[in-house]
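Asker: If you want the building blocks of each chain, they are given just below.
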Amino acid sequence: MENKTTNILFCGTGGQGVLTASEIAALAAMYDGHHTKKSEVHGMAQRGGSVESHVRFGGKIASPLIEAGQADFLVPFYKDEHDRLISYLSKDGKDLIADLEAAHSACENKKFVNTYMLGRLSKYLNLSKESWLKALEVGFKGRFVEENRKVFLEAAERD
Amino acid sequence: MKTTLLLSGDEAIARGAYEAGLKSAAAYPGTPSTEILEYLAAFPEVDAKWSVNEKTAYEVALGASIAGVRSMYSSKHVGLNVAMDPLMTSAYTGVNGGFVVVVADDPQMASSQNEQDTRLIAKFSKLPMLEPASPREAYEMAKIAFDISEKFDAPVIIRITTRVAHTKEDVEIGERNEVPDKPFVPNAAKYVMVPGFAYKKHIALEAKLLEMARYSDESPLNSIEMNGKSIGIIADGVSYLYAKEAFPNASILKIGFAYPFPDEKIKKFAKEVKDLYVIEELEPFIEEHVKQLGIPVKAKDISYRIGELNPTLVKEIIENKKKIEKPSTARKPVLCPGCPHRAVFYALKKLKAIVSGDIGCYTLGALKPLETLHTTVCMGASVTMFESMSKILGHNKVVGIIGDSTFVHSGIEGLVDAAYNGAKGLIIILDNATTAMTGSQPNPSTGVNAKGEKTKKLILEDICKASGADIVETIDAFADNLQDKIKELMNKDALSVLIVRYPCRIIYKQKDPVPVFESSNCKKCGACLTVDCPAIHKDENGNIVLEEYLCVGCNVCVSACKFGALKRKE
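Protein sequence lines, in the order shown, are assigned to chains A and B.
With the first letter of the first sequence counted as 1, position 104 gets the number 104 in my numbering; the numbers rise by one all the way through.
With the first letter of the second sequence counted as 1, position 225 gets the number 225 in my numbering; the numbers rise by one all the way through.
Keep in mind the hints are simulated off the structure, nothing from the lab.
Ideal placement from N, C-alpha and C gives every residue a C-beta, glycine not left out.
Careful: at least some of the hints might be erroneous.
Stated by the list, open to error - Just some of the chain A residues that point at chain B, by a computed CB distance under 8 angstroms:
{"no.": "1", "residue": "Thr-13"}
{"no.": "2", "residue": "Leu-27"}
{"no.": "3", "residue": "Met-30"}
{"no.": "4", "residue": "Lys-37"}
{"no.": "5", "residue": "Lys-38"}
{"no.": "6", "residue": "Glu-40"}
{"no.": "7", "residue": "His-42"}
{"no.": "8", "residue": "Gly-49"}
{"no.": "9", "residue": "Glu-67"}
{"no.": "10", "residue": "Ala-68"}
{"no.": "11", "residue": "His-82"}
{"no.": "12", "residue": "Ser-87"}
Start from the sequences, fold in the hints, and give me the full structure.
Answerer: Here you go:
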């Protein structure tokens, strides 16, 4: 973990919380002391267009963008966008598409889908729980702190 | 204790400027530079202002510098076009307090109408230019830029691109350093640019450029990183990071102080390496200069002058390939559910109007299936192009359409022009009480300033009347008679302004009862889909689906349905 860069690609459409989720993952990595870069690719995202967000942390990072075939994790919020960007995932990369379905079943309020996805992602990353919880609070600007914490922990603890 | 923040390039520039003792900042919102002023607005020590447009912003910021404080202007690349007039002559006047001009280019046009390269403007205006590659560098360069500005008595351009502006990185921040104000000493030969004085200032500017070139050569912002000698790469801005990612073992001349060029470092580096390449986005700015120095350099194919680079494309450039354009597979953006602009475009579509458009969310009216916006060139052009198009094509056929912020930016002059030159027909102002496209900034017609304080409110009706419009009327975007009113004013022998007023749904989150959908009445004709609302779609079986959780009850789709399948909820 120390010398290797972790590459996470978040994708979805405007309004789904893709940018907030990637911000929280980047914050968690930063709080754990990693050099971290996060870069978004979107046009008029707030108007429903495609949104992708690249998060890289640890090791030596130059480019803020993940190259095709180099993502260690693909965190999708929308099936079509997942399919569009699947070529970014590396051979041994982890695709979290199954978790998206689980997130939709688990979250009655769709507002918490991104928090659930972060909980799932956290299972695979060697970042401290303390950093994740702080990042959740900062990333959501102090809104729904208890609810987000609950959804995150539930997703993180599920098998 | 050290504090580390996850900052975007924009925020890092703002933070660096703040720590360098910045006291005054002015800007007009524009993606990707908007967040610079937004970040500064939170500091009580900084007089941060949204200006009416980029020209006024530049002059406001320059005035603050001449009055003796450290000052900053920020805009996107096309915004700088609007500010070119003061920019060019400010190179002659120079500064008093340090003055930094931040310009964000948008290669790949994530949200712009062209992808012009501001580096050429540094050369054209004879101003020094810095190019950070990352937020950490943006933070450092913002601080240094004020010192350089005061050292050379020149505005300093910090040129970033979307990728730098919107990348976030952990940045270790510091404390604010208060800088004493400089006295204002009247000096006509410096600040009054009449020909006699300006001629002497031009002579001085040419000498200053030579001095700055020497400084550029000595600056640690231009650094040689020697590695393997078979490939040598000269790269600026974020291109440096792409080159480093793609060729970790190549030697690199990293350009940070980008203009004037560091000629001696370029010559020294070229001697050391076998094959010399330049990796730069957009124009061959560095490449042409290296060639001018008589140094052989491998040029990128012209296909790479278009769009953004990335590590993969850098490899292709070095392999001497041509770029293959792939059609975009990204989803198109769309007006939000309940957007007041939709109602106007749907009415104009039914009236078969020719629409002279402008820059804002409403530019989306050009896309299928609405397809009811026929020109977009630059801020304010809707009104002026309407003036001539309506004369030639008939004022009962052409409508000009512009948002509230854009109208204040540069639509007012167009309206005065149209009235003065006897134009007739209808101009619609879409007043959603915000600058929506760039993320809901206030503007003079909202009566709120950049700090969120109440201020004097520009009354659109009054300014339209004062500009010479014969008829000025106001209507709710969802009024039943919207289409009739538009038709009436298009056909009047007068110059009319119709202000269509309804707040942006991103700010005003009112949800009204959603329409009743009676599927038994639905003929699946698809008429409701032509309003292009994200809340209605056809499922895989061809059935119409109204997503009630997205719908806010604007009922524009109801007016599209002839068969009573969609009904207003009583």
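Asker: Identify whether the interface hint at Leu-27 (chain A) stands, where standing means a beta carbon of chain B within less than 8 angstroms of its own.
Answerer: holds (6 angstroms)
Asker: Minimum Cβ distance from Glu-40 (chain A) to chain B below 8 angstroms?
Answerer: It holds, given that the least Cβ distance between Glu-40 (chain A) and chain B is near 6 angstroms, below 8 angstroms.
Asker: Double-check His-42 (chain A) for me: the hint is only fine if its C-beta lies closer than 8 angstroms to a C-beta in chain B.
Answerer: holds (7 angstroms)
Asker: At a threshold of 8 angstroms, is the proposed contact between Lys-37 (chain A) and chain B supported by beta-carbon distances?
Answerer: Because about 5 angstroms separates Lys-37 (chain A) from the closest Cβ in chain B, which is inside the 8 angstroms limit, the hint holds.
Asker: At a threshold of 8 angstroms, is the proposed contact between Thr-13 (chain A) and chain B supported by beta-carbon distances?
Answerer: holds (6 angstroms)
Asker: Would the stated hint for Gly-49 (chain A) survive a check requiring a Cβ distance to chain B of less than 8 angstroms?
Answerer: Nearest chain B Cβ about 4 angstroms off; hint holds.
Asker: Holds or violated: is the Cβ of Lys-38 (chain A) closer than 8 angstroms to a Cβ in chain B?
Answerer: holds (4 angstroms)
Asker: A closest beta-carbon separation below 8 angstroms is what the hint needs, so does Met-30 (chain A) meet it against chain B?
Answerer: holds (5 angstroms)
Asker: Using 8 angstroms as the Cβ threshold, decide whether Ser-87 (chain A) counts as touching chain B.
Answerer: Given a least distance of 11 angstroms, the restraint on Ser-87 (chain A) is violated.
Asker: Would the stated hint for Glu-67 (chain A) survive a check requiring a Cβ distance to chain B of less than 8 angstroms?
Answerer: Result: holds, 5 angstroms to nearest chain B Cβ.
Asker: The hint names Ala-68 (chain A) as touching chain B; please verify it with the least Cβ-Cβ distance against 8 angstroms.
Answerer: holds (7 angstroms)
Asker: Please check whether His-82 (chain A) passes as an interface residue: C-beta within 8 angstroms of a C-beta belonging to chain B.
Answerer: Violated, about 12 angstroms.
Violated hints, listed in ascending order, are 11 and 12; each of the other numbered hints is respected by the structure.
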